[in-house]
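K.L.:
Produce the entire structure from the sequences given, and follow the hints as far as they go.
This is what each chain is made of:
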Amino acid sequence: MKTKLKLVLLVPLIAFVTGCASLGVEPWERDLLAKDEMSLNASPVDSALDDHIYFSKEASSGGKSFGGGGCGCN
Amino acid sequence: MTDKNEKNNIKAALTLATTALLGCNNLAQAETAQKDTWEFDAAVLFYSEEDRVSAGEAIFSATKTFENDEIFNLKVTVDVLTGASANGAVAQPSVQTFTRPSGEGQYDIKAADTPLDDTFRDTRLQFNGQWTQLVADNLTASGGVHVSKEYDYLSLGLNGNLAVDFDRKNSTFSAGFSYFQDTFSPEGGIPKPLTSMLIGDNDAATWDDDFAQTRLGSEDDKTTADILLGFTQVINRRMLMQFNYSHSTVDGLLTDPFKVVSIVNSNGVSQNNIYESRPDSRVQQSLYLQSMYHFDRIVLDVSYRYMWDDWELDSHTIDTRFRIPMGDSFGKGSYLQPHIRFYQQSAAKFYRPFLVEDKALPAFASADYRIGEMTALTVGLKYGILINDGNELAFRLEYYHQTPTDAGFEDIGVLNDVDLYPSIDVTIAQVTYSF
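Going down the list, the protein sequences come from chains S and E.
Quick note, the first sequence lines up with residues 377 to 450 if you use our numbering.
Quick note, the second sequence lines up with residues 1065 to 1499 if you use our numbering.
Source of the hints: derived by calculation from the structure; they are not laboratory data.
One thing to keep in mind: the hints can contain errors.
Derived coverage of chain S by chain E (criterion: at least 3 residues anywhere in the stretch with Cβ under 8 Å from a Cβ of chain E; other residues may be distant) [stated by the list, open to error]:
#1 399-413
#2 419-431
Restraint-style ranges between C-beta atoms, simulated for each label pair [what the hints assert, rightly or not]:
#3 E:F1386 / S:D407: 18 to 26 Å
#4 S:D407 / E:P1426: 57 to 65 Å
#5 E:S1282 / S:D407: 53 to 61 Å
#6 E:D1374 / S:D407: 27 to 35 Å
Built from N, CA and C at the ideal position, the CB exists for glycine as well.
P.N.:
Set out below in structure tokens:
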């Protein structure tokens, strides 16, 4: 189960890394990608607050950014 | 769209892929900042668990982008926490008495109620500083520090990241590390794992000595070393993807000094409470996949994380946001952003909701529901609007529901009549102003 899941995630990654030539855009095609809301972390303050909550209440942390320590949350 | 935003977009168009630098939350936003200006975010959040913990948290974040594209971010966080937290013991059909973690005073829990220790009060002050700059063509470096202090907890951290862009900045590889050194000095000290909680007359002459016998010392440490590898790819004009792999090694005090495990007899009646015991190391890994997609108007942000560790605990997290522009009739630049998050975790191998007397004690045991089997659902809605020449004011309301579940432990005797896996309801409200 775990191995399959990892494969499901890794296969597309490898596919991208090895280069599908058609991927990507020219600089003048970035009108949509350049919008603030297309940023991978469009609301960093929300993310910081959410990370603190879920770090305190669940057994998983990080993934998107560092999980880290930082509080003795109860 | 304002002139300010148009300028931002030009800048962002040239450097979008570098936002893939990992571990520094401020960077993505800062990339679109105008040069030689300060930008600020201020947020206040209220967190309320039904019948349990309440917390208030405020963040002030200041980002300076210099003429030469260097970016400095300083973030100050204050939070205040009060209320009750489950101590790990099982509910019982009769009143139970527990000693407070400090050893000073005791508290009673009514029949059938989940034992909660209501003495949690803490104030935390946290500082984060992050510096980011281009160090060569297509190579961006970032470094940061973290200091967090609570009454009984000190956390010091460092992080560093490198990101390299290639293929017209359509692809970015990044590698980062972070290291935290935490010191926990709870009032009453660190209990000896698997020793019995002392119950009795805490005014008695022998109480202090007897209580001290249950303690290891006044404080203990924990270190966390994280490695984060990432790859970001622009797929096409509308779509961006990110893949991360993280590896986290935690060493030191992982046992929660405030948690106990009930020891029950063959009829499920609690005989004793012992302090929990966890291994002193944990290796956690995760794979993370995120995709942003721009439809004609709506922006979809969806992510999936699979995490596993050497405690045999694994989890799945799916997080989805839709940003829906509302048109200026609902306020200039206004948008609505529904949010759904689903989380599911399995239990750690040493999770035990209770232990049965006359059986050998395991080396490790914890009844903390947060490392037990559970599912959780978050639903939320955010509304944002531009005011005062492009500054954003946003309101966010979320509901978070945790459902701990039975991982296959057989309830015995009276434990069949009480709720061993109570669910938890949380309301979260937040106001953010960016200027």
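K.L.:
All the hints need checking, so say for each whether the structure fits it.
P.N.:
Results for each hint:
1. 399-413: holds (count 14)
2. 419-431: The restraint on the segment 419-431 of chain S holds, since 10 of its residues have a Cβ under 8 Å from chain E and three suffice.
3. E:F1386 / S:D407: 18 to 26 Å: Since the Cβ atoms of E:F1386 and S:D407 sit about 20 Å apart, the hinted range of 18 to 26 Å holds.
4. S:D407 / E:P1426: 57 to 65 Å: holds (60 Å)
5. E:S1282 / S:D407: 53 to 61 Å: At 59 Å between Cβs, range holds.
6. E:D1374 / S:D407: 27 to 35 Å: Between E:D1374 and S:D407, where Cβ atoms are some 46 Å apart, the hint is violated.
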